[in-house]
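Start from the sequences and build out the full structure, keeping to the hints where you can.
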Amino acid sequence: MIGSLLRSFLWFSGPFLTTLLIYLFGLSWRIEFKGLSILKKYNFKVLYVFWHENMLPPLFTHRKRKVGVIVSPSLDGEFMSRILRLLGFKVFRGDTEKGGSKALIGLIKYGREGNEIAITPDGPKGPRRKVKKGVFLLARETSLPIIAVRVSSGRCFRFSSWDKFMLPYPFSKIKIELREILNQPKEETLEKYLS
1 MIGSLLRSFL WFSGPFLTTL LIYLFGLSWR IEFKGLSILK KYNFKVLYVF WHENMLPPLF
61 THRKRKVGVI VSPSLDGEFM SRILRLLGFK VFRGDTEKGG SKALIGLIKY GREGNEIAIT
121 PDGPKGPRRK VKKGVFLLAR ETSLPIIAVR VSSGRCFRFS SWDKFMLPYP FSKIKIELRE
181 ILNQPKEETL EKYLS
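Under this note's numbering, the first residue of the sequence shown carries the number 1, and numbering increases by one thereafter.
By construction, these hints were calculated from the structure, which means they are not laboratory data.
Heads up, a few of these hints could be off.
[Stated by the list, open to error] Computed cross-link-like contacts, DMTMM-like style, restricted to lysine to aspartate or glutamate with a CA-CA straight-line distance of at most 20 Å:
1) K125 to E78
2) K40 to E113
3) K175 to E78
Okay, here's the thing in C-alpha cells:
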C-alpha cells in the first residue's frame, strides 16, 4: 500500500521536481553562445537539431518559447512531455509506430506557421549520433533552415543510457554553438556539424 502510494506520488510530482532541478542547475551554468546572429537572420523561424544526449542545456535556454517538439507516446514519453510543457514547449505526441504521422504532421504545420521547432535526429532510441532521415523531411516540408546545435560541457556526468545522456554539473561552463546547414545536406554532413 505504502509502496503504491509512493510510486503514485513520484509519478505525479516527478515532472515538477525534475523541472525545478533543471531550473536550479540551469541558473548556475555559465552558458556561452556562438552564432546567435543566425537566429536573428531568420527571425527565430528555424529547425533546431541536436543530439539526444545534449538536450538538457537547450531545454533550459529555450524554455518558455513554445518550441515545437515530438515526444514518444510511451510512459517515459508521458513523463518527459509533462516536463517539457512545464518548461514552456509545445509538445506533439507520437513515434514511427504509434501516431508518428499525426505527430509529424502537427509539427510540420506548427513550423509552417512560423514557430521554432526542434528534433533530436538520433532519438528516441538511437543508434547514438546517427542521423535519421526524418530531420530532412521536416526541413523540406516546413521550409525552415536547419540549425545544428553543438553542445559541450566542461564538467558533466554521463548516464549509462543508450545515448550516454549528459548532465552538466552545477556551475559548469557550457558552450552552445549554432551553425546553419546550407543546401541539402547528407546524414554524414549533419553528423559532422553536430559532433
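Cross-check of the supplied hints:
no., hint, verdict
1, K125 to E78, "holds, 15 Å"
2, K40 to E113, "holds, 17 Å"
3, K175 to E78, "violated, 29 Å"
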